[in-house]
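Colleague: Given chain A, work out where chains B and C should sit, using these hints.
In the order they appear, the protein sequences are chains A, B and C. Quick note on our numbering: the first sequence kicks off at 1 and runs consecutively. Quick note on our numbering: the second sequence kicks off at 1001 and runs consecutively. Quick note on our numbering: the third sequence kicks off at 2001 and runs consecutively.
Don't read these hints as lab results, they were simulated from the structure. Just to be clear, a hint being listed does not mean it is correct.
To be verified - Residues of chain B clear of chain C, computed beta-carbon distances all greater than 10 angstroms:
no., residue
1, LEU1038
2, ARG1051
3, ASP1055
4, GLY1075
5, GLY1093
6, GLY1107
7, SER1132
8, ILE1158
9, LYS1199
10, ARG1252
11, ALA1263
12, ALA1306
13, ASP1318
Stated by the list, open to error - Which stretches of chain A does chain B cover? Using the computed rule of at least three CB atoms under 8 angstroms from a CB of chain B, they are:
no., stretch
14, 22-29
15, 62-76
As the structure is a prediction and not an experimental result, all values here were calculated from the model. All residues carry an ideal CB built from backbone N, CA and C; glycine is no exception.
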Amino acid sequence: QIAGTGAGIVTSSNVTLFGVVDVAAAWGGGSIADRTRLVSGANSSSRVGFRGVEDLGAHLGAGFWLEAGVNADDGTGATSNTNNQPVSGSGSGGLTFNRRSTVSLMGDWGELRLGRDIVASWRNKDQTDPFSTNGVGTTLPHAITIAGVTAQRASNMIGYFLPQALLPGVFGEAQYYAGENQSGSDGNGWQARLGYANKTWGLAAGYGLTKYAQTATLGDTQVWNVGAHWDFGVARLTAGYFHDTVKQVAERTGTGYIVGAVAPIGAGQLKLSYSTYKVDDLGDPTARKLALGYVYNLSQRTALYATYAHIDNRGPSDAALNGALTAPGSSSNGVDLGLKHSF
Amino acid sequence: QIAGTGAGIVTSSNVTLFGVVDVAAAWGGGSIADRTRLVSGANSSSRVGFRGVEDLGAHLGAGFWLEAGVNADDGTGATSNTNNQPVSGSGSGGLTFNRRSTVSLMGDWGELRLGRDIVASWRNKDQTDPFSTNGVGTTLPHAITIAGVTAQRASNMIGYFLPQALLPGVFGEAQYYAGENQSGSDGNGWQARLGYANKTWGLAAGYGLTKYAQTATLGDTQVWNVGAHWDFGVARLTAGYFHDTVKQVAERTGTGYIVGAVAPIGAGQLKLSYSTYKVDDLGDPTARKLALGYVYNLSQRTALYATYAHIDNRGPSDAALNGALTAPGSSSNGVDLGLKHSF
Amino acid sequence: QIAGTGAGIVTSSNVTLFGVVDVAAAWGGGSIADRTRLVSGANSSSRVGFRGVEDLGAHLGAGFWLEAGVNADDGTGATSNTNNQPVSGSGSGGLTFNRRSTVSLMGDWGELRLGRDIVASWRNKDQTDPFSTNGVGTTLPHAITIAGVTAQRASNMIGYFLPQALLPGVFGEAQYYAGENQSGSDGNGWQARLGYANKTWGLAAGYGLTKYAQTATLGDTQVWNVGAHWDFGVARLTAGYFHDTVKQVAERTGTGYIVGAVAPIGAGQLKLSYSTYKVDDLGDPTARKLALGYVYNLSQRTALYATYAHIDNRGPSDAALNGALTAPGSSSNGVDLGLKHSF
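Next up, chain A with everything else stripped away, as it sits in the complex (with noise of 0.2 angstroms):
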């Protein structure tokens, strides 16, 4: 579903304490070597943060959002990133708030977010993914993007949301972030989307541009997509295309493309996607996948889960599933089988 995420007026003060504890037996089979694993977040990454809003009176509204992934099949923490470069990941396992660090200030104006989230484009990958970007069936413009670190969020962001009420339907954001260097730009970029939302469809573009010195595997990154879903009742239908460059001395440039679909069926929903990536690379590697899930909901926070997926290879391409390894060009099969609890 395309929707924005900026938020409005706050009309209460709290502070929430929430979460999502997620834990799958996994299992990738690949033409090199299959992989039985327990595995964390397979439906909705587990995770637990703390966040609160406060009314300030004269329609203006504060708010904080600390969210730590947890990887909680084994207990570590999910790594964070301090200057949005591509190295290794700050935290070493201890929690992070890698996944949300942020301070608000909101009004008639829109909203005025500081810290850490969720890069703009990333958005539409998110929403038009059936998957919502997790697990065996997380679709492949998320799961082999050569987009790099700032591909789903970023550190030392200023961010602006435009207001629900300006438009009707009408959503959108912009951001700023710094890597933080002595000297240079490593690590600088920003982010905008822009959208429309109705009660049986939307549409919104994203875009993002993050700085690097040029190297051999490195350069400016820039990514631009679009993604837009109907509701049909029976059905909600999605579809997105992306595309991804870095301009590293060779340039690469990644495209793929999801189409999607989430039914409601019984006491739970049946989510089908079909998604490819394809870098410009030497062969041309593509990927193609489809994945096929049944989530069934014992109640608004408890779930069991099932997914199946399948990737197929063409040229150099050998992108597998669940740890698995597979040769270029084989295909690659996965399985979940998962319990989802959120509080």
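Modeller: Just chains B and C now, kept in the frame of chain A:
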């Protein structure tokens, strides 16, 4: 006290923030060097956690449990282990949910629990030790076991607990866990425990096997043990026998036993334990330990405590207390004086 | 404001989740390089914590306090230090309770506090600094002290606070902390502070000594200081003198003073400080700093703030602001523009 740990059907939905902060002045004496420190968790492991249960109706429940060990003397977190292998811990001093990170589904048929948790065979060590494996009084089959990193907890685990209502007083659990290597079964294992307890006495047996490729210092690690308790009113007596085998190139076996007593005296408890651990290495290193402690409860949540312990080493054994160093065959003494507060 | 920090008798039992998320756009200018960053805690250190007190009856109370520093601009945690020695911090970016990790017993006789905490001598730096040692305005005796890792906090500490009711207005504390080495006394130390405050003015003196084996760059580190405040209604004036000595092979002494003012103006506060710090190294490096700030309170919990600071370096001093680089003897300027929200 020998008891099961499976949860029954839940009847309400909530989230609980809980923890312990326990700090003690600790002295250790040995023939080579003495040592004085502040230590964490000498009565009860310092921790902070989030847990909750949800009633799903139809005799079903869901629950989560995220519990992080804290070194309360310096504020760092306890490390976790992602692959059940004897590598350096994960977390580097940042908080991890190393103590427990699980999601559960519960029903009349028992409990299914996924994530990182205590292994089944360890519960007999905990439940027969008057000091619950904390502090200078910790009994030797836990303190100096050769059973390695899965002696107490394991990651990537699927556990099943018998329902409490199966047979009156009968409890049991079985677990499978994975090391999650690309190839091989290093760190894979399974554990089980079966027991019976009534108001007066309890008895349980535990077994565990963790697989490792055989080297000069590592190999399949097998543990089995039995534990029992009798409650005489004036005191609760405990006893346990523990047998650990590491099938490295030159197979090693460690065996030990515990006898313990906990007696309510005044506003507190007197604790007494005697334990041994012997390894069949050259010279049959053997340690024997006597521990005596008193816990003075200021409330149900807060206690002052004092523990004295003495280790008698035989052969090449050089076990020492509270960070002291002692020569092979020499003795070691230790004292904890601490304050524990739980919330 | 000069004040004591010992807690009185507690009257209720509870657990409080608390914190601050404070992010600012920060610019620093120097003769070599300028720098623009997003920074955390420029008005009040970003943090998340758990604390609680319990009434034990009989004029006794217990309490705990676990407080983790957060780098809210990137979601990582602040590092702690396990042995009070100048090594790299512990935590590697994962959350640690580096700010405070303590358990307390309180009574008519005062408070006994065990764990990691602020050292006594630092409180005069904090309480005489209009900017509370946060952000670009931080006074120099804190910002560029030579007093090392125990200048602000120490681990493995036993602290005692005088009761508030001992003598009207008199407060004091004493602390002992241990480096916990196997041998030697590296990182061991003690601190004390004694003061008096009434409704109009306050005065306190602090002392600290941390022991280290003498090398070319490290040795016993001694600090002493005095702080005072006067509240004139229209403004609260503060003053402090600070003296640090490191008994390395060539002993170094650093001295500085602070004069400050905080004036309530409109819905906020105007802050002004002048501070110096001089080290008796070759050439007598000396820095002088002027800082001016305004905090606009949107509520008791939320504020916008702006701070300007200027450093004037003399001799080989090259102190710079907000990550800028400046040549010895050159000046540096800095600005913070931020949003603070507490919960």
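Colleague: Each hint needs a verdict: does it hold in this structure or not?
Modeller: So, going through the hints one by one against the coordinates:
Non-interface call for LEU1038/B relative to chain C: violated, since the shortest CB-CB distance, roughly 4 angstroms, does not exceed 10 angstroms. At roughly 14 angstroms, the least C-beta separation between ARG1051/B and chain C is larger than 10 angstroms, which holds for a residue marked as non-interface. The non-interface label for ASP1055/B is consistent with chain C: the shortest C-beta to C-beta separation is roughly 24 angstroms, beyond 10 angstroms. The beta carbon of GLY1075/B sits about 4 angstroms from the closest Cβ of chain C, which is not more than 10 angstroms, so the claim that it is off the interface is violated.
Not every C-beta of chain C lies more than 10 angstroms from that of GLY1093/B, the closest at about 4 angstroms, which undercuts listing it as non-interface. At roughly 31 angstroms, the least C-beta separation between GLY1107/B and chain C is larger than 10 angstroms, which holds for a residue marked as non-interface. Every beta carbon of chain C lies more than 10 angstroms from that of SER1132/B, the smallest distance being close to 18 angstroms; the non-interface claim holds. With a cut of 10 angstroms on Cβ distances, ILE1158/B stays outside the contact zone with chain C, its closest approach being about 27 angstroms.
Non-interface call for LYS1199/B relative to chain C: holds, since the shortest CB-CB distance, roughly 31 angstroms, exceeds 10 angstroms. For ARG1252/B, the shortest C-beta to C-beta distance to chain C comes to about 27 angstroms, beyond the 10 angstroms cut-off, and the non-interface label holds. The beta carbon of ALA1263/B is kept farther than 10 angstroms from every beta carbon of chain C, the shortest such distance being approximately 23 angstroms. With a minimum CB-CB distance of about 14 angstroms to chain C, ALA1306/B clears the 10 angstroms threshold, and the non-interface call stands.
The claim that ASP1318/B lies off the interface holds: its Cβ sits roughly 14 angstroms from the closest Cβ of chain C, which is beyond the 10 angstroms cut-off. Here's how the stretch 22-29 of chain A fares: 4 of its residues keep a CB closer than 8 angstroms to some CB of chain B, so the rule of at least three is met and the hint holds. With 7 residues carrying a beta carbon less than 8 angstroms from a beta carbon of chain B, the stretch 62-76 of chain A meets the three-residue requirement, and the given coverage holds.
In summary, the numbered hints that this structure violates are 1, 4 and 5.
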